[in-house]
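Model the placement of chain B with the ligands on the given structure of chain A, informed by the hints.
Chains A and B, in that order, give the protein sequences.
The first sequence finishes on residue 639 if you use our numbering, and the numbering steps up by one all the way, no holes.
The second sequence finishes on residue 325 if you use our numbering, and the numbering steps up by one all the way, no holes.
Don't take every hint at face value.
[To be verified] Okay, derived cross-link-like pairs now, DSBU-like style, lysine-lysine, Cα gap no bigger than 35 Å in a straight line:
1) B:LYS279 x B:LYS264
2) A:LYS513 x B:LYS101
3) A:LYS347 x B:LYS101
4) A:LYS209 x B:LYS112
[Claimed, not checked] Simulated restraints on C-beta separations:
5) A:ALA8 x B:ALA272: 50 to 58 Å
6) B:PRO284 x A:LEU(-6): 21 to 29 Å
7) B:HIS250 x A:GLY77: 53 to 61 Å
Because the hints were derived from the structure by calculation, they are not lab data.
Ideal placement from N, C-alpha and C gives every residue a C-beta, glycine not left out.
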Amino acid sequence: MIADIKAFLSDFLVLGDPLIYGADISIVLSMVAIVFVLSYFKKWKWLWKEWLTTIDAKKIGIMYIIAALLMLFRGGIDALLMRSQITFPNEGFLDSQHYNEIFTTHGTIMILFMAMPFIVGMMNVAVPLQIGARDVAFPYLNALSFWLFFVGAMLFNLSFVIGGSPDAGWTSYTPLAGAKLDPGPGENYYLIGLQLAGIGTLATGVNFMATILKMRAPGMTLFKMPMFTWSSLITSLIIVFAFPVLTVALALLTIDRLFGAHFFTIASGGSPMMWANLFWIWGHPEVYIVILPAFGIFSEVISTFSHKKLFGYKAMVWSMVLISALSFVVWLHHFFTMGNTAAVNSVFSISTMAIAIPTGVKIFNWLFTLNKGRIEFSTAMLWALAFIPNFLIGGLTGVMLAIAPADYQYHNSYFLVAHFHSVLIGGTVFGMFAALHYWWPKMFGHVLNEKLGKISFWIFMVSFNICFLPMYFVGLMGMTRRMYTYPEGLGWMPLNVVITIGAFGMGIGFIVMVYNIYWSARYGKRDKTGDPWGGRTLEWATTSPAVEYNFAHIPKVETADAFLHMKEKGTTGQISKAPFKPIHMPNNSGKPFIQAWLMFFAGFGLVFEWYWLAIPAAAATMLVMAFRSFEYHDHHYIPVEEIERTESATGRLN
Amino acid sequence: MKRLTLKSLGVLALFLVFLTGCTNKVAVLNPQGPVAKQQYDLIIWSFILMAIVVAGVLIIFIYVLVRYGRKNSKGYDPEDEGNAKLEALWTIIPIIIVILLAVPTVKTLYGLEGPPKPANATGKKVEPITIEVTSVDWKWLFRYPKQGIETVNYAVIPEDTPVKIKLKAIGAMNSFWVPELAGQQYTMPNMPMNMWIQADHPGDYLGRSANFSGKGFAHMSFHILAKKDANFDAWVKDVKANKPALTMEKYKKLLEPDIAGEMTFSSYPKVLDKKDAAMEQHMNNDDMEGGMNHDSGH
Ligand code: HEM
Ligand SMILES: [Cu+2]
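Only chain A is shown next, with the shape it has when bound in the complex (with noise of 0.2 Å):
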């Protein structure tokens, strides 16, 4: 009995190892602070109403990026782990399942837990406001989207210290990850977390959607909306038709795992290729998902900081929309060397390399909105600058990569490895810092230093190249992804090590980063204009930060670059003048967080089978939404006075 419970808890707390043992330590330590600050400060009931309660787009957009800055965080710290382990031949840093579980871990979180809240995190932050609306079309759904995002991830980042983490690969490949080859609760944990994610991203899809087709500003027709929005909407309706997939191919796998089914093992009639299938019908239009707000962000940039029109609006609007249908017909070129015919190939392989044609000519379209500009090279446009030659490579190399029969050897290798990784940070990553220092001053109220945020570019870029460019060499090489080690005499090691120095390179960039975060929050200009950088969409047209109802005034629309028409034309006044009306608004509401965490906790007994948890949480999950279903006065409105002392406040009233 007694012996019982001592294995029970090795295993549970994953007992024996040095570095989970500093994760325990590491946890346990920030939980005591922050318990601790939050009394001393005496800001519980601050944090409740003015966050873990809110429904405001603005704030949950702040509270997605808290947390995408975190993930990158922890899914840099694996990165490091990982290369310090393969730096050098033979190395013992690391042993197999460590090793496999990092690489696991790292991939799923940085894709799931860090692209994507980053990515919804700005649309929060911008979309609403460059509508000229005052919220989404569904705050309340909005909250929950966040917190269910949130106790995904905080359930898969547990796994670390409780019970073990997956280690079959982001991809989670079955058999492999089936109940057989792969027992205990790692693969349970993967499943769970991004099922709770995943439901969450999927009401965002549909929120934004109603959001951008519903709720523009008079005057805002399609084809006048800035190009962050148009990117906004598109991924929006790739997360509505893909997500649904991802759903259903976990559910499956969760059934698989916990209730012995068959549907993806070779006994009775399953079949494991069904998984890579699901997968990456969900997979490839992911990929999408995380770069076309990138793209939508890159577009915003370029046109702001060469102050000029952006070059070939309605290209640029069909080219994404071309891509977003593409994404859905590819998914194949992820499995060219499972063994189809040379037909099967044949059209996956043309239908990959047709993506480019739309990206080549959104490339050309940036380039030349830069052509005849007057560039200024702020840290933003730093950023959306090094996109085009990194992303450049990593999409050529995607092209390469599409080439079936090259594809056999490029396949799985470090070929593969450099250029996801090109594309994800050469993309989505410079993308969202490019956005994070743009949207700053909208965000918090004051700008990011230049000064540092050049330094950290500039570190962070060239050691990204430094990292990932040996990469590709290594690939041809032969060295495959995921191996925890190599031997010595295949001259893989000097390579090795270049890349081991870019990796850490980049983590000295994101700490400056993080530096500057915390000196531009002490000591950084603050913004009393809303308008620093002479935008020229509606964002710009209100304060910095925008108050709780975003315009006191829906603001009327003409001509794309809306504010900018509405500067030249003098009339920028008139969304913060007098008279007003009482502005209709929603609820806060605590629902939304309770519901989430009631379903971390069936999600929790889940991953252990303990049925004793999982049924009452998910009963308690359902009273919660029949509570909400007959709750009423989810509405109020803000009086006119309190709206005439906010605008004076910020100086708009005079």
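Chain B with the ligands only, in chain A's frame:
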């Protein structure tokens, strides 16, 4: 911005070094048989096209940055918002490039389906040999059905002879990759697949699994030894005469998840030829109570 140019030049230079100088270390760029050679040709062709695109984009990029990167650059035109002709041009250029890539891609794909043509065309038709390759957690079994022998983690093939590789997996999926001889193909449970390899010269070609399969995955490398015809025959004779037989017991031991060294067997249980499918089925099955209450809580 100068750093960007320098960087790209550096990349190109680096690549040229690899293409010309020390390519023997870069396995993919050192094809030693007709299959890898066809793939290599495509790689080089696509690389040339890509290099042209990179050059074109970088020239425009650097030009606009230098020309318009100053405070008072002349020719500033904030209303410049499109140009139908230019936009048509850069729609057509990528289309042409895609066509230039697609045609050889499709040709090669169909070409790779059959046995490769012998490199030194002596005119005589060479009889292909067949090897059944099975990935097991975490080792490679090579079975020669015609010769009746079996090896582990290495195989011997005659040079200039098409070798038909029949791929199978017991346990997790793996991927059979010998970069100098041929691009990879997965091994999948219950889904037998074929590929061809062929070596132009005698030599020792390193292969490894390219698809992650669990704990021992990084150790799943193997050697393909290409020998002259006569030496191959001699090797087979030697194996049949001097090596132990693979017993059923030993075979079952091999199927257990573990890493292994190189082994050679003069024969394998004949029953496997017929029963193999059933055996595989059995091995890939869940054990009866598996899935339901695996070790959570114990
Ligand atoms: C400091 C920056 C980063 C470094 C040094 C880094 C390094 C690596 C390395 C070395 C691997 C391969 C591990 C292996 O196969 O053995 C890897 C895998 C991966 N990385 Fe990163 N990475 C970084 C950032 C990112 C970012 C920003 C993303 C996504 C937005 C990302 C997504 C992935 C994914 C999806 C995988 C595949 C994981 C798998 O094989 O299951 N990485 N990374
Ligand atoms: Cu894809």
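A quick look at each hint next to the structure:
Taking the CA atoms of B:LYS279 and B:LYS264, the gap is near 26 Å; set against the 35 Å cutoff, the hint holds. A distance of roughly 32 Å separates the Cα atoms of A:LYS513 and B:LYS101; the hinted pair therefore holds under the 35 Å criterion. With a C-alpha separation of about 25 Å, the suggested pairing of A:LYS347 with B:LYS101 holds against the 35 Å cut-off. For the hint pairing A:LYS209 with B:LYS112, the CA-to-CA distance comes to about 23 Å; that is within 35 Å, so the pair holds.
Taking the beta carbon of each, A:ALA8 and B:ALA272 are about 51 Å apart, inside 50 to 58 Å as hinted. At about 27 Å, the CB distance of B:PRO284 to A:LEU(-6) agrees with the hint of 21 to 29 Å. Range check, B:HIS250 to A:GLY77: Cβ separation about 25 Å, and the 53 to 61 Å hint is violated.
Figure legend: structure checked against the earlier numbered hints; the only hint not met is number 7.
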